[in-house]
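J.: Each residue of the sequence shown is one higher than the one before, starting from 1 at the first, in full-length UniProt numbering.
Calculated directly from the structure, the hints in this document are not laboratory data. Note that the coordinates shown come from a computational prediction; the quantities given were computed from them, not determined experimentally.
Restraint ranges, calculated between C-beta atoms of paired labels, are given here:
#  : residue 1 : residue 2 : range
1  : Ile1038   : Asp203    : 53 to 63 Å
2  : Glu744    : Leu772    : 25 to 35 Å
3  : Thr287    : Asp464    : 41 to 51 Å
4  : Ser182    : Gly291    : 27 to 37 Å
5  : Glu10     : Arg115    : 31 to 41 Å
6  : Ile144    : Arg115    : 20 to 30 Å
7  : Pro539    : Phe719    : 32 to 42 Å
8  : Leu78     : Ala520    : 32 to 42 Å
9  : Ala206    : His75     : 53 to 63 Å
10 : Pro499    : Pro519    : 26 to 36 Å
11 : Ser182    : Lys347    : 19 to 29 Å
In this text, a Cβ means the ideal position worked out from N, Cα and C, and glycines have one as well.
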Amino acid sequence: MSERRPSDFEARARALQPDESFIIQAPAGSGKTELLTDRILALLAGVTKPEEILAITFTRKAASEMHARVLKKLHAGLSEQEPVHEHQRNSWRLARAALARNAQQGWDLLNHPARLKVRTIDAFCAQLVRSMPWMSAMGGMPGIATNPEQLYAQAARRLLEHVDHDECVQDVLRHMDIDLASVERLVVEMLARRDQWLHETVDTEAAMTQLRFALTEVMEQKLQTLADVMPLGYADQLAPIVRLAAASQAEAATRMYETLEDWNGSPIATSVDALPQWQALSRLLLTGSGGLRKRLTVKEGFPAKSAHKQDMQDWLNACEGDAAAWVSMLAQVGGLPSEVLSAAQEKIIRSLLRALKLAAAELMLVFREEKQVDFIEIAERAAFALGHTDDPSEMLLKLDARISHILIDEFQDTSQIQIQLIEKLTLGWSPGDGRTLFLVGDPMQSIYRFRKADVGLFLGVARDGINGLALEKLILTENFRSQAGVVNWVNQSFRQVFPKQNDLALGAIRYTDSVAFNPASEGAAVRFHPIYQWEDSDPRDAQTQAEEQTLALVRAALEAHPDSEHPVAILVKARSHMGALMLLMQRHGIPVRAVELNPIRAEQSVSDLVQVIRALAHPADRVAWLSVLRSPVCGLTLKSLTLLFGNSRETIPFCLQTILMREAEFAPLLGDEWSRLKHCARIMLDRSHLADDMTFSSHAEAVWRALGGYGVYATDTAFADFQAVFELLDQLAPYGDLNPADLEEALAHLYSASSTQHAAVEIMTMHKSKGLEFEEVILYGLHRRPRADTAPLLRFERSRNRLLMGPIKPRAAEETDKLSAMLGAMEKQRSEYELDRLLYVAATRARQRLHLVSHIVCKPGQIVDPPRGSLLSRLYSLFELTQPEPPEQTNDGIATDSLVTRGPVLTRIADSAMAQLAAAPAAPLPQLSAGASWKFDDKYEAAIGTVTHAWLARIGQDRMREWDAARLHKALDVIVRQLENEGLRDAQARNGAQRVHDLLCACMASEKGRWLLSHDQVRQEWELTGVDGTRLIVDAAISTDGGWLVVDYKTGARREHEPQDAFEMRMRETYRPQLQRYAERLSQIDGRAATAAIFALDTDDWIPLELTVSEGAG
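Produce the entire structure from the sequences given, and follow the hints as far as they go.
T.: Below you can see the structure in the form of structure tokens.
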């Protein structure tokens, strides 16, 4: 039997012509990677150097796969035996030709595979940036920020600091009703997509001109579309009616049809000047909700029994059958702004543009200070490095000489800035000059709008080409992945779901059918599993049913495909839609591979470890310490915790120290829990093993191991999670100065490790599933409504050469700004189109079976339509559902289970394991005072003290002349470097610099501080030698009429809950010996008496000391 050729065989063969440029539409399962790698082989056979070929994709995984696939084909080409299957035979022949060229030119590709340039777009941009002189200002290639939102937030806060002297910031804050937190959040969001608007802020006047032109164009397009679908003869028939209706309203306070009072019966024009007439027509024909009028009253200008009322009613009745298209369009026109751009809109847009420009400038400063940038900045700088189309840079000219062929994968995910980069790289290319562009993508799989991908760009390039370089469009149709049953269902369903026509501006993509290469399998290929939920029932019951149904489907799939690497996947729209599904699978012994789905902090094992870390870092963190004692590593009951700590205001470490010293009293009270508490407390309080160079993460891991944490959670995934947390700790707080908020923020970006077992169910979001395939796919939680998008500070929309902008609604205004509402409606339509494409991506992951699991809400006699915006709402019309019988009510409608109080079960280390842990040699009982600082914090505090004292000395030497908070703020970078020289790491140094800055400002703002720093008779940082030869450095010594006053600056803070008198006593007892030596040495100099005081900078406390130093001491 001869092998069947794919239905698109000719298109695939044509795509391998090495001297022509193409744009390929490659639907799901069509083998685009195979085509791309064959194209690379075809090009290798004709180039002088392999570096002439540049292949670009969007993920490291895709780039690695493409590179490996090319090498695999080249190795296969070494064989003299021709493959049996036709597609393999074609690749083999191409590889043989490429290897012949390789031998002829001496490339030695198989031993030097790096010569094959397969790059991600980000890696390619970074490569361009590395060679730029601009980077020298940062001392080389900057780091790529793993969490750029923190950098955006810094810039946003700095923008708000301009409020006193920048009118644009004042305007924005007034517009948002002085809600600083909201403005900061919105600016952060805008900075995260600044590549969409940054260029528009360069020339505000040009941007405003473009906006007026674009608004006029959009409105007139809408009016023309409406005019084309209005009922034939509408103007002749409605003009006399509306004139009479207007006359009937002549005395009314609100005249609804004023702009139509002189309508002569001609069709209304489609220019923007005619918009008020169309809006009057909308008020005439439509209700406030946008539907066709059914009732006419005197309020609308139709008195009872009037002839024109009957004429109007007859016209409306005649339109009822086919009014859907024009009614919806007329409703949209009714909501358009009444003028292109009002004065108020123009003012706030100008202010927003200026404020955003200022925010972008602040972000550049943050980048420079932090020595980190985001990928947007890398792409911007790469484009800058290539120069302009009319003034190409030397780098672009070099690239133009080196690169002859560019291949781009996943082209439907391209953004505007990436298109500009491609335009520069292909500048001057023309058909027949030996250089080619090969773009591959599937607009039906464009699902990354949140990453600034614009599917309209694919359509535009397919239509217009790039830089005048025409691209032949080829469409692949064969699906090699799915069996015919799945392919046929996808075709029939998405033909109805997708829009009927392409629309570049709105990202509408018409569906293209696929042809199944694989025959149909037995049984139903696609199954819908509705979980009926009665409106007045507990939704948790339906959730449980859905989880059990999914569990059964997973078990069946694992049994049906025991040898498959990817037997079954559960796909959800959002992580929150997963519910308890993962826990259910694990509870039933089913291995789970979750792809960036389960936040690491949601794991109980990690939660327990984090509480240990927080307790070690902060002795006063009462919640953390109690959580550790409650967790499995100790396992105290709530009763015991209340008994031990319920009435104490001391820190938990102090209480534990007391309890351990009074074993005879507390051991009988706790019974068998005493050994658990004693073991845990000794480990948590012990610091005897700490060394000066021991990092906080090493200490935390040693404690966690000693507590038995690794034994409690003895799985490969838990071990990997723990290591991830310790690595994070090394970055955030190497010496223990841990900010709990920073830890929580960083943990939010980490995900739990997955099972490495073979037969596992894979759970991921639909976005993460793109490019993957599974034997069976379960689409879960289709009824869930996605979270609504928040309105941006300023909507930007650029489609080709058209720019649209609209400001956020004023916070104090009740009505939405109509301009922003129009742009918001367009954005909502784009979202709905992308939702259709996301469903298509998810459905086409299945090779054998596709299952859809969703709740269906019912009430007597009716199945309720699914929530608007849910995935189910897009598919709902495809299914015929039969309403089930209502469930029988028992116990008067009260479920017995609801009467049971449930809570988490107390878990502990087993007694036998605890005995083994306790058998380890016990360290001496730690001597720990209440709230004592940990040893690994000393280095941080010492560095703060050293640098602060140095600056106080400098300011005092200048007698505070020309020193203020602004000058100190400018010195922050210097302070950071000084702290780094003291041994602090980047993050520590930045945090510490702010603390030094705050302490210095507090001192200069204090009356006592100003007196010390500006006194004429003060000696700052006075270095003396003691009688025993030791070196003494006095912070400040003032010569007074009564003798010497020795002042010691202290940067330490008062402890939590520490009374003022206790704080002063602690300061005196701690530093009296040191100040006693200083005072004695000064008295020896000139025989005068010496007194001393401590000046606590953090609290502005002046603490005098009573010393036994007399005149002529010593």
